[in-house]
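Colleague: Okay, here's what each chain looks like letter by letter:
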Amino acid sequence: MSIWEYANPKRFMQVSGALLPWLVGLTLLTLIVGLVWGFFFTGDDYRQGSTVKIIYLHVPAALMAINAWMMMLAASLIWLVRRHHVSALAARAAAPIGLTMTLIALATGAIWGQPMWGTWWAWDPRLTSFLILFLFYLGYIALWEAIETPDTAADLTSVLCIVGSVFAVLSRYAVNFWNQGLHQGASLSLDKEENVSDVFFFPLLVCIAGFVLLFVTLVFLRTRTEIRQRRLDALEARERLA
Amino acid sequence: MLTVDALSCARGGLAVLHGVGFVLNPGEVLILRGPNGIGKTTLLRTVAGLQPPVAGRIDAPAEGLAYAAHADGLKAQMTVVENLEFWSAIFGGPPIDEALRAFDLVGLRSRLAQNLSAGQKRRLGLARLLVTGRPVWILDEPTVSLDRASVALFADAVRAHCAAGGSALIATHIDLGLQAEVLDLTPFRAEGAPGEASPRPRADAPTDPFDDEAFL
Amino acid sequence: MLTVDALSCARGGLAVLHGVGFVLNPGEVLILRGPNGIGKTTLLRTVAGLQPPVAGRIDAPAEGLAYAAHADGLKAQMTVVENLEFWSAIFGGPPIDEALRAFDLVGLRSRLAQNLSAGQKRRLGLARLLVTGRPVWILDEPTVSLDRASVALFADAVRAHCAAGGSALIATHIDLGLQAEVLDLTPFRAEGAPGEASPRPRADAPTDPFDDEAFL
Amino acid sequence: MIRLFLRDLALGVRAGGGFGLGLAFFLILVVLVPFGVGPEPQFLSRIAPGILWVGALLACLLSLDRIFQLDFEDGSLDLLAVAPVPLEGVTAAKALAHWVTTGLPLVLIAPLLGVLLNLPGPAYSYMILSLAIGTPALSFIGAFGAALTVGLKRGGLLLSLLVLPLYVPTLIFGAETVRRGAEGLPVGTPLAMLAGISLAVVALLPFAAAAALRINLR
Amino acid sequence: MIRLFLRDLALGVRAGGGFGLGLAFFLILVVLVPFGVGPEPQFLSRIAPGILWVGALLACLLSLDRIFQLDFEDGSLDLLAVAPVPLEGVTAAKALAHWVTTGLPLVLIAPLLGVLLNLPGPAYSYMILSLAIGTPALSFIGAFGAALTVGLKRGGLLLSLLVLPLYVPTLIFGAETVRRGAEGLPVGTPLAMLAGISLAVVALLPFAAAAALRINLR
Ligand code: HEM
Ligand SMILES: Nc1ncnc2c1ncn2[C@@H]1O[C@H](COP(=O)(O)OP(=O)(O)OP(=O)(O)O)[C@@H](O)[C@H]1O
Ligand SMILES: Nc1ncnc2c1ncn2[C@@H]1O[C@H](COP(=O)(O)OP(=O)(O)OP(=O)(O)O)[C@@H](O)[C@H]1O
Ligand SMILES: [Mg+2]
Ligand SMILES: [Mg+2]
Numbered sequence: 001m002s003i004w005e006y007a008n009p010k011r012f013m014q015v016s017g018a019l020l021p022w023l024v025g026l027t028l029l030t031l032i033v034g035l036v037w038g039f040f041f042t043g044d045d046y047r048q049g050s051t052v053k054i055i056y057l058h059v060p061a062a063l064m065a066i067n068a069w070m071m072m073l074a075a076s077l078i079w080l081v082r083r084h085h086v087s088a089l090a091a092r093a094a095a096p097i098g099l100t101m102t103l104i105a106l107a108t109g110a111i112w113g114q115p116m117w118g119t120w121w122a123w124d125p126r127l128t129s130f131l132i133l134f135l136f137y138l139g140y141i142a143l144w145e146a147i148e149t150p151d152t153a154a155d156l157t158s159v160l161c162i163v164g165s166v167f168a169v170l171s172r173y174a175v176n177f178w179n180q181g182l183h184q185g186a187s188l189s190l191d192k193e194e195n196v197s198d199v200f201f202f203p204l205l206v207c208i209a210g211f212v213l214l215f216v217t218l219v220f221l222r223t224r225t226e227i228r229q230r231r232l233d234a235l236e237a238r239e240r241l242a
Numbered sequence: 001m002l003t004v005d006a007l008s009c010a011r012g013g014l015a016v017l018h019g020v021g022f023v024l025n026p027g028e029v030l031i032l033r034g035p036n037g038i039g040k041t042t043l044l045r046t047v048a049g050l051q052p053p054v055a056g057r058i059d060a061p062a063e064g065l066a067y068a069a070h071a072d073g074l075k076a077q078m079t080v081v082e083n084l085e086f087w088s089a090i091f092g093g094p095p096i097d098e099a100l101r102a103f104d105l106v107g108l109r110s111r112l113a114q115n116l117s118a119g120q121k122r123r124l125g126l127a128r129l130l131v132t133g134r135p136v137w138i139l140d141e142p143t144v145s146l147d148r149a150s151v152a153l154f155a156d157a158v159r160a161h162c163a164a165g166g167s168a169l170i171a172t173h174i175d176l177g178l179q180a181e182v183l184d185l186t187p188f189r190a191e192g193a194p195g196e197a198s199p200r201p202r203a204d205a206p207t208d209p210f211d212d213e214a215f216l
Numbered sequence: 001m002l003t004v005d006a007l008s009c010a011r012g013g014l015a016v017l018h019g020v021g022f023v024l025n026p027g028e029v030l031i032l033r034g035p036n037g038i039g040k041t042t043l044l045r046t047v048a049g050l051q052p053p054v055a056g057r058i059d060a061p062a063e064g065l066a067y068a069a070h071a072d073g074l075k076a077q078m079t080v081v082e083n084l085e086f087w088s089a090i091f092g093g094p095p096i097d098e099a100l101r102a103f104d105l106v107g108l109r110s111r112l113a114q115n116l117s118a119g120q121k122r123r124l125g126l127a128r129l130l131v132t133g134r135p136v137w138i139l140d141e142p143t144v145s146l147d148r149a150s151v152a153l154f155a156d157a158v159r160a161h162c163a164a165g166g167s168a169l170i171a172t173h174i175d176l177g178l179q180a181e182v183l184d185l186t187p188f189r190a191e192g193a194p195g196e197a198s199p200r201p202r203a204d205a206p207t208d209p210f211d212d213e214a215f216l
Numbered sequence: 001m002i003r004l005f006l007r008d009l010a011l012g013v014r015a016g017g018g019f020g021l022g023l024a025f026f027l028i029l030v031v032l033v034p035f036g037v038g039p040e041p042q043f044l045s046r047i048a049p050g051i052l053w054v055g056a057l058l059a060c061l062l063s064l065d066r067i068f069q070l071d072f073e074d075g076s077l078d079l080l081a082v083a084p085v086p087l088e089g090v091t092a093a094k095a096l097a098h099w100v101t102t103g104l105p106l107v108l109i110a111p112l113l114g115v116l117l118n119l120p121g122p123a124y125s126y127m128i129l130s131l132a133i134g135t136p137a138l139s140f141i142g143a144f145g146a147a148l149t150v151g152l153k154r155g156g157l158l159l160s161l162l163v164l165p166l167y168v169p170t171l172i173f174g175a176e177t178v179r180r181g182a183e184g185l186p187v188g189t190p191l192a193m194l195a196g197i198s199l200a201v202v203a204l205l206p207f208a209a210a211a212a213l214r215i216n217l218r
Numbered sequence: 001m002i003r004l005f006l007r008d009l010a011l012g013v014r015a016g017g018g019f020g021l022g023l024a025f026f027l028i029l030v031v032l033v034p035f036g037v038g039p040e041p042q043f044l045s046r047i048a049p050g051i052l053w054v055g056a057l058l059a060c061l062l063s064l065d066r067i068f069q070l071d072f073e074d075g076s077l078d079l080l081a082v083a084p085v086p087l088e089g090v091t092a093a094k095a096l097a098h099w100v101t102t103g104l105p106l107v108l109i110a111p112l113l114g115v116l117l118n119l120p121g122p123a124y125s126y127m128i129l130s131l132a133i134g135t136p137a138l139s140f141i142g143a144f145g146a147a148l149t150v151g152l153k154r155g156g157l158l159l160s161l162l163v164l165p166l167y168v169p170t171l172i173f174g175a176e177t178v179r180r181g182a183e184g185l186p187v188g189t190p191l192a193m194l195a196g197i198s199l200a201v202v203a204l205l206p207f208a209a210a211a212a213l214r215i216n217l218r
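Chains as they are written, first to last, in this note's numbering: chain A, 1 to 242; chain B, 1 to 216; chain C, 1 to 216; chain D, 1 to 218; chain E, 1 to 218.
Treat the hints as calculated values from the structure; they're not laboratory data. There could be a bad hint or two in this list.
Capping the alpha-carbon separation at 20 Å, the derived lysine to aspartate or glutamate pairs in EDC-like fashion look like this [what the hints assert, rightly or not]:
no., chain 1, residue 1, chain 2, residue 2
1, C, K121, C, E181
2, C, K121, C, D147
3, C, K121, D, D74
4, C, K121, A, E145
5, C, K121, E, D74
6, C, K121, C, D156
7, C, K121, E, E73
8, C, K121, D, E73
9, A, K10, A, D233
Sample of chain B residues facing chain A (criterion: CB under 10 Å; computed from the structure) [said to hold, decoys possible]:
no., residue
10, R11
11, L14
12, A149
13, A152
Short derived list, chain B residues pointing at chain C, Cβ under 8 Å [unchecked claim]:
no., residue
14, T3
15, S8
16, P35
17, G37
Glycine included, each C-beta is placed from N, C-alpha and C at the ideal position.
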């Protein structure tokens, strides 16, 4: 029995249905622990004051926004190569979640930027490439919505996702070249000297784990919804035609 | 020349025809009949290779098909001759004079396609078939808006094509006066397809648990 | 009801028909015949008021005409019912149920127009006529891509319309099985019109020096 | 007439060209400009009013050919011309529907995009006001241009060419209003001119558009 | 394939959407910008490279839907798909024809418009060079977007939404080249990047576009 068994819609529904309650519980637990720990049980930063606590939303959301696109890319490739409907629907399900994560990162970033840099928005490379990512999500979702035949939509959006990924990476590089930024470099790498102090670091890790779980849970939920929607459409079409 | 076996085809993700099979030999004409909406257009597009079959097999000679559909593929801003020459060049087919003559277009040679009447446009669309030089013609309601004389021209063209070893698959509602076999599509209507009375089993209770029919 | 007298009409600046005249009384059907390109579409558009006549008179009741042409005026993104209701609202015509039934569209009520087959689209286009509530129908090849059963539906609809005091002017190449007068347009072909064998007198030698035929 | 307006609204929203996309285009344009001209904030804030107005204008322009072209192609326009509704009303209803699906969303999102371009604080209210007053003129002028070019296959660029010069006065007064507002100068005159243009255009151009349509149909 | 290219050229010129109009749009846009942002020369000369590049991009964008839409509507695309020519070649030929009717004229007229916007002297040659290298990428990326949206009724705005983010790298490197050129800085890196993007896009995207077309036709 291969792993592709789970790509069967029926099988996926059974397994995900059994898994979901656990996932929801675990997600809630991690998120609550992480956020409460971060917001109430860490001190203020000596430079940034209490605004530093936005980090617990901002960083996980930003990470997930990027990784959601990665997951969509993987799912698109699987669909194109093996034509498993669940993976196409999973990609479709993930897009609005990724979009929301991008929005959260942008919004929290803007709110954070006001006290830190004195402006809501700056044309910093990282910020800018995030804005472009936002546009990619918008285009991807709009294309899904615009096409009526499900398999056609899955195929076309997959092609878009692949080509878009290449251009997204290219944009990231181009933007770097175009403007030097204000934004922090990566500071979570384990081997770096200037890591965030441990006080912030551990709750942040828990929050990131929480967001990962949240993402997985939401993708499961939405994929199930998409599958049901698809069945409903098929039924309705037949009903109408009968 | 063209063999179709147990073919199922779908439109808009919904099965339309099921288990269609026929053989088309050189020199033969096969006429597809069936009420509006049975799936003639869908079948012809599938055979022409424009959409993948849901199931079944299509055996056609590589690069042997010429397809003519509801739309004629004419450029309104090009003249009759330019339109034909373009398709002749693309298909590497024979020169266009013969085609112009066969469909009585000589007098319209240098008219822009947008200034043709409905029937003249259609004649030009059919003349295109002759310049493809392809042996198998796949035609979807070719005689729409043609008058009697033009229908006769068309029938002559098909006869000449068959005499030269070609063959044609034609979906039509009218009588073309051709000697041809007729395939009625009504028995091949897919279960649960448009117009079918008995609904197929509900989607939430498929017999095989691993086969989800919403994803056909 | 509709009187056309000594009508000349032109297309693309070229005279096509000359001296056409007929009277259409309530309850009557008049069928226009003529080879492709004679000018049927041009005549019908002129009568419908979409283009001005070159000469002659058209006496039609104000707001009494309903026109249906090669194109159906359907919105691909709206359903069958939405399409009909829109036209019914615009014309202030009768409700749509009757029209749906007359053209056997009840089962397709909530289908998007883009997902109809060619013949189903055409049926919807014809159903539109019923919801206009107009007495005079002007139809340009109404039965294109309809199967036999649908042609019969159409003929029934025309008969019912005439029985209720309406009338219809229909250009068609096929036999509709209607009791109708037939007007062959061939004798009215304008001199020098497309396809005419005998050329009219050269343009640089007009008989009346003040009447330049380049500006007809 | 109201039916026609509602139908066009519904089609605008459904046909993949609805609210969201007009917005998206506006957004993208505003994002692209800094890539072109460079990211310095004080600099961006100077060109912000102009760019926002030019962006609104282009977003409008891109969707203009939808106003009549589709109806022309599928024959609806022929049928509407013989229907018991005045063609002037038809053009007005269609222009209005275009404004609601394109202009109105632009007005609503403009403040957000102002942030991206560092629009100076006091200019925001003038931005919204001038767009709200000016965009109807854009839709009605555009409908006139669309009526002129409706017979032509893919007259998109010709349409732009015809319409853009007609947009100039609206653009000048609109952008001027915002610029003055940003600098705290009085905005009465340009705003009055803008309102005047809009009113005149909305009142008169449907007649010209209907005449153009009648000619194109025959 | 050459036939197809020539036909598309002929149609582009004849169909009212040819050379002249792409240019005219570019011209008008460049003329509008000073109305929007105000007429100060030193100011205009700073934004000139960016505006010219954004203008070129939009002029390109407006004519994109012509690439496949007309052929789709009249059935030519179905016929081309079953013709003995690879669909990849078809897309490449069409993208090339689009470039010749749209991109090339822009390259030629850009210096003239530079004058209107006070483009600094040394920047002219870089403007032409960067446009000449960059516009083919715009046409080929655009053809990919057009192939994705070809089935959709009037997908014009959706097309813009999909294509514009893909244009970002080209725009950045193009405008950066001109800006650096204007300031006398070395332009090697952005120019090389621009050329690299163009080459890669021209070589690879026709395959993606052909795949998208095949999907859309079925
Ligand atoms: C709208 C504005 C902003 C956006 C779009 C944004 C985007 C991002 C992204 C994408 C990341 C994740 C990067 C990665 O790990 O690869 C990130 C991380 C981070 N951001 Fe922001 N940001 C914004 C504003 C800010 C502001 C104002 C601050 C505070 C000064 C800030 C501080 C951080 C920090 C500390 C991280 C973690 C860096 C790391 O460890 O990787 N961000 N942001
Ligand atoms: N998206 C869709 N959902 C449901 N049914 C659809 C969809 N698209 C098409 N159909 C149906 O599929 C059937 C097959 O259509 P097709 O065009 O092949 O018919 P046809 O035999 O060519 O008819 P005609 O003689 O009228 O041209 C039609 O009944 C049509 O209504
Ligand atoms: N611009 C033009 N220049 C010259 N002739 C034209 C022009 N436009 C149309 N014609 C001709 O006018 C004639 C009348 O066309 P019309 O469409 O009215 O014919 P029809 O009788 O409806 O034919 P069909 O039965 O094919 O629909 C045709 O012969 C056509 O070729
Ligand atoms: Mg059909
Ligand atoms: Mg006709």
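Colleague: What's the verdict on K121/C and E145/A, does the C-alpha distance respect the 20 Å limit or exceed it?
Modeller: With a Cα-Cα distance of about 25 Å, the restraint between K121/C and E145/A is violated, given a limit of 20 Å.
Colleague: Grab the minimum C-beta distance from S8/B to chain C and call the hint holds if it beats 8 Å, violated otherwise.
Modeller: The hint is violated - S8/B has no Cβ within 8 Å of chain C, the shortest such distance being about 18 Å.
Colleague: Within 20 Å, alpha carbon to alpha carbon, are K121/C and E73/D?
Modeller: Given that 20 Å is the threshold and the Cα spacing comes to 15 Å, the pair holds.
Colleague: Run the distance test for K121/C versus E73/E: straight-line Cα separation, threshold 20 Å.
Modeller: holds, 17 Å
Colleague: Does L14/B hold up as a contact with chain A if the rule is Cβ-Cβ below 10 Å?
Modeller: holds, 6 Å
Colleague: Taking the closest Cβ pair, is R11/B under 10 Å from chain A?
Modeller: This hint holds: R11/B lies near chain A, its Cβ roughly 9 Å from the closest one there, short of 10 Å.
Colleague: Any CB of chain C closer than 8 Å to the CB of T3/B?
Modeller: Nearest chain C Cβ about 26 Å off; hint violated.
Colleague: What's the verdict on K121/C and D156/C, does the C-alpha distance respect the 20 Å limit or exceed it?
Modeller: Since the Cα atoms of K121/C and D156/C sit roughly 18 Å apart, the hinted pair holds (cutoff 20 Å).
Colleague: Can the restraint linking K121/C and D74/D be considered satisfied, given a maximum Cα separation of 20 Å?
Modeller: holds, 12 Å
Colleague: Against the 20 Å threshold, does the CA-CA distance of K121/C and D74/E hold or violate the hint?
Modeller: Status holds; Cα separation ~18 Å.
Colleague: For the pair supplied as a hint, K10/A and D233/A, confirm whether the alpha-carbon distance does not exceed 20 Å.
Modeller: Since the Cα atoms of K10/A and D233/A sit roughly 16 Å apart, the hinted pair holds (cutoff 20 Å).
Colleague: Hinted pair, alpha-carbon criterion (20 Å max): K121/C, D147/C. Please report holds or violated.
Modeller: With a Cα-Cα distance of about 12 Å, the restraint between K121/C and D147/C holds, given a limit of 20 Å.
Of the numbered hints stated above, those contradicted by the structure are hints 1, 4, 12, 13, 14 and 15, listed in ascending order.
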